[in-house]
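Enquirer: Protein chains in written order, with this note's numbering: chain F, 250 to 331; chain A, 250 to 331.
If you're looking for bench data, these hints aren't it; they were derived computationally from the structure. Since we're looking at a predicted model, the values are computed, not measured. Take these hints with a grain of salt, some might be off.
Identical chains blur together in the list; that is why a pair holds if it fits in one copy or across any two.
Lysine-lysine pairs mimicking DSS-like chemistry, simulated, CA-CA at most 27 Å apart [unchecked claim]:
| # | residue 1 | residue 2 |
| --- | --- | --- |
| 1 | LYS313 | LYS289 |
| 2 | LYS289 | LYS260 |
| 3 | LYS269 | LYS289 |
There are 2 protein chains.
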Amino acid sequence: MARVVVDVMPKAEILDPQGKAVTGALQRLGFAGLAVRQGKRFEIEVDGEVTDERLGQIHDAAEKLLANTVIEDFAVRVEETA
Amino acid sequence: MARVVVDVMPKAEILDPQGKAVTGALQRLGFAGLAVRQGKRFEIEVDGEVTDERLGQIHDAAEKLLANTVIEDFAVRVEETA
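Next comes chain F alone, as it looks inside the complex (with noise of 0.2 Å):
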């Protein structure tokens, strides 16, 4: 079993609402100085071994489903497990 992650992020140039109400949030507690912009993060257990074709795979899905790339960006890795 391997893993491979995908971090989803909205765009730099985007904003994000829930980022600032995050980053608001922290400031009220008593955090200052932190700025947080929130994306989504996919653990994906793949059956079998990760070659450079189920990459490839993961990589359209993440495109087509697990992002909207009209506004985020995506970066897949393989974790390694232990």
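Given chain F, work out where chain A should sit, using these hints.
Expert: Frame of chain F, contents of chain A only:
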């Protein structure tokens, strides 16, 4: 400007309906053999240097605000910025 990343994922023993929905949708789109769990990713830009004290604060903030520790695990890590 340094960047700290907080990953928040549903605990292993907790059902993850979002992840289940994504897994099902991937299967219907023809991507078989993938099991997805969905969590959140927070990218935090820190003013100044990331000292151990600062990291401790962010850890507290993650515990109080970013994660619901009853049902979610979180991990804090410093990310290299190019």
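Enquirer: Given identical chains, is LYS313 near LYS289, meaning Cα to Cα at most 27 Å, within a copy, between copies, both, or neither?
Expert: both (15 Å within a copy, 19 Å between copies)
Enquirer: Treating 27 Å as the Cα threshold, decide for LYS269 and LYS289: within, between, both or neither.
Expert: Both: 15 Å inside a copy, 15 Å across copies.
Enquirer: Evaluate LYS289 and LYS260 at a C-alpha cut-off of 27 Å and name the case that applies: within, between, both or neither.
Expert: both (12 Å within a copy, 16 Å between copies)
Checked against the numbered hints above, the structure violates none of them.
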